[in-house]
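Novice: Please model the complete structure; the sequences and the hints are all you need to start from.
Here is how the chains run, residue by residue.
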Amino acid sequence: MFVESFDAWYDREHDRMIATLLLTTGDLELAVDGVDEACSRALERWPRVSSMESPSGWVYRVAMNHASRLARRRKTEERLFRKLVPKPDLPAPAGEIWELVASLPLRQRQVVMLRYVAELREGEISAALGISRGTVSSTLHDARQRLGKLLTDNNES
Amino acid sequence: MTELARLSQMLIDESPARRASLDDLRSRSHKRHVRHWLQTVGALVVVLAVAFGAVQTEHSASTPPLPSTQLASYYEAAVNVSNSTLAAVGLPPTVAIPSRVTPSRSTVATNGVVSYVGAEYCPYCAFQRWALLVALSKFGTFTHLDNAIFSSSSDVYPHLASWSFVGTTYSSKYFTFDPTELTSSKRSRGGPGGFQRLQRMSAAQRVAFNKYNPQGSIPFIDVGNNYVTLGASSSPSVLEGLSLSEIGSDLNRPSSAVAQAIDGSANYLIAGLCTMTQTAAPALCSTSAIRSASRSLQTGTPSSTESPSATTYPVQPPTNAPLAVWKKWSVAEHRFWLHAAATYRSPNSACTVVKTFVTGRKLSKPLFGIPAGVWLWGMSLTGSCLPGHRGGLVARTH
Numbered sequence: 000m001f002v003e004s005f006d007a008w009y010d011r012e013h014d015r016m017i018a019t020l021l022l023t024t025g026d027l028e029l030a031v032d033g034v035d036e037a038c039s040r041a042l043e044r045w046p047r048v049s050s051m052e053s054p055s056g057w058v059y060r061v062a063m064n065h066a067s068r069l070a071r072r073r074k075t076e077e078r079l080f081r082k083l084v085p086k087p088d089l090p091a092p093a094g095e096i097w098e099l100v101a102s103l104p105l106r107q108r109q110v111v112m113l114r115y116v117a118e119l120r121e122g123e124i125s126a127a128l129g130i131s132r133g134t135v136s137s138t139l140h141d142a143r144q145r146l147g148k149l150l151t152d153n154n155e156s
Numbered sequence: 000m001t002e003l004a005r006l007s008q009m010l011i012d013e014s015p016a017r018r019a020s021l022d023d024l025r026s027r028s029h030k031r032h033v034r035h036w037l038q039t040v041g042a043l044v045v046v047l048a049v050a051f052g053a054v055q056t057e058h059s060a061s062t063p064p065l066p067s068t069q070l071a072s073y074y075e076a077a078v079n080v081s082n083s084t085l086a087a088v089g090l091p092p093t094v095a096i097p098s099r100v101t102p103s104r105s106t107v108a109t110n111g112v113v114s115y116v117g118a119e120y121c122p123y124c125a126f127q128r129w130a131l132l133v134a135l136s137k138f139g140t141f142t143h144l145d146n147a148i149f150s151s152s153s154d155v156y157p158h159l160a161s162w163s164f165v166g167t168t169y170s171s172k173y174f175t176f177d178p179t180e181l182t183s184s185k186r187s188r189g190g191p192g193g194f195q196r197l198q199r200m201s202a203a204q205r206v207a208f209n210k211y212n213p214q215g216s217i218p219f220i221d222v223g224n225n226y227v228t229l230g231a232s233s234s235p236s237v238l239e240g241l242s243l244s245e246i247g248s249d250l251n252r253p254s255s256a257v258a259q260a261i262d263g264s265a266n267y268l269i270a271g272l273c274t275m276t277q278t279a280a281p282a283l284c285s286t287s288a289i290r291s292a293s294r295s296l297q298t299g300t301p302s303s304t305e306s307p308s309a310t311t312y313p314v315q316p317p318t319n320a321p322l323a324v325w326k327k328w329s330v331a332e333h334r335f336w337l338h339a340a341a342t343y344r345s346p347n348s349a350c351t352v353v354k355t356f357v358t359g360r361k362l363s364k365p366l367f368g369i370p371a372g373v374w375l376w377g378m379s380l381t382g383s384c385l386p387g388h389r390g391g392l393v394a395r396t397h
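From first to last, the protein sequence lines stand for chains A and B. Counting from 0, one number per residue, gives the positions in the first sequence under numbering that gives the first Met the number 0. Counting from 0, one number per residue, gives the positions in the second sequence under numbering that gives the first Met the number 0.
These aren't lab readings, by the way, just hints derived from the structure by calculation. Please note that the accuracy of each hint is not assured.
[What the hints assert, rightly or not] Coverage of chain A stretches by chain B, computed from C-beta distances (three or more under 8 Å per stretch; other residues unrestricted):
#, stretch
1, 18-25
2, 36-50
[Claimed, not checked] Not the full set, but computed from the structure, chain B residues with beta-carbon under 7 Å of chain A:
#, residue
3, Ala4
4, Ser14
5, Pro15
Every residue, glycine too, gets a C-beta built ideally from N, C-alpha and C.
Specialist: Below you can see the structure in the form of structure tokens.
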């Protein structure tokens, strides 16, 4: 069985992971922190992670969970300390895509980004998000319909 | 979706984030481990702090803290019992005389040491601590005597106010004081006598304790390997229902039951302590009351300063005697019963006397030739006998 080195996998996947997380969370800081955390954990246990069916799926799952934790903590701090941290504008072309997908529910956004940006298969997405394959399919279907409508509306306006 | 894929590919090609080096990732792993370790330690500290707090709260709930002014007043009062008060109290018949012991080579380590072995739950120890405080403060100084406690609420003479010798220091130019409180008043399964262990006896203290006190009674006081007291020197009932400050105040009133019992016990202890001073003994050692106590210590019998009426039932005056004569007789009768209560032991070895009471009533009409208006006294007691033994507790009547 061929086992890819962490360096090679990391070189190839890093930028794609950043893009996926960025378009899922809409926040570059969360995306970078999530990816770095997940990759550091993957490096630590690479022999085990690399032998998984989808190492990238595992790393995406860790990265998204970490980003969600950070987002929750940030919200709590804002509430407790009445501290409002302005969200920086996303760099182009991320800003354009974000405008398009921001209105999608989080779960739909996650599935769409993992499918079209991270280029994971439906089975890998199901494992990464801990949901059934059928749910992945139906969520993708709903997201496509919604994005199609949004694109039509945008073009018309 | 084609548009989405195209734009995201642009984003991937021109990534907005720098790729962390492998060293950065390893350093991040290391920091995470340190953080987890600190969180674990922190959680443990919190758990321990909460547990400790709970224990403290439980302890303070069982022994409610007393105001500092009250502590100060009891300490001051006990320390300042004057020589004239001690002389006025003298050697009441209700007080037991410490036993003289024959020092042996095995107990030589306690020469020059005043030893106390007791426990915080023990009501007899509560009494004896007071007598020790009065006596020892004539020869040295206590510090940190501020841990107020109550004896067990479920024992005989429940909830007596006292303090613990734990954490106390005593300095004297004559001798050293070695107190040991074996247990607290908090229940603990597996602890000695079912109470939480506090301190252990020193090796020298244990040798003297085992030699002079084979029954293992507490409180045990060893005055320089010369005299010992086992149990309380008088009935702890005099402390019942009194606060620290009330006891402290009573210590300075020679006629009070507290002063009679505690100051009287202290007089014997002082006489014993005087034998340890060798040269430059305090002036107190040469007062008549202490000299008299010294004689009693030597002979083991009450000194001539004792009222003879305490050991023999007073002769009843004629019925038509003046009321003042009858009142004097009543006082003598009271002293007799107090002495009887303090010294009474069951004639049956299978029975144990737990508590004795001296009670009185003012006669509203003449009885047995005693006119109305005179207080008549008597003694009652409680105790227990082994199965199959009865009536062994009955007090002899006069």
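Novice: Do three or more residues of the stretch 36-50 of chain A come closer than 8 Å to chain B, measuring C-beta to C-beta?
Specialist: holds (count 6)
Novice: Just to make sure I understand the rule, a stretch counts as covered if three or more of its residues have a C-beta closer than 8 Å to a C-beta of the chain. Does the stretch 18-25 of chain A meet that for chain B?
Specialist: Per the Cβ count (3), the hint holds.
Novice: Report holds or violated for the interface hint on serine 14 of chain B, using the least CB-CB distance to chain A and a cut-off of 7 Å.
Specialist: Holds - the Cβ of serine 14 of chain B comes within 7 Å of chain A, reaching about 4 Å at its closest.
Novice: Please verify that hint: proline 15 of chain B, Cβ, nearest Cβ of chain A, below 7 Å or not.
Specialist: holds, 5 Å
Novice: Grab the minimum C-beta distance from alanine 4 of chain B to chain A and call the hint holds if it beats 7 Å, violated otherwise.
Specialist: Hint on alanine 4 of chain B: holds, closest Cβ of chain A at ~5 Å, below 7 Å.
Against the hints set out earlier in the document, no violation occurs for any number.
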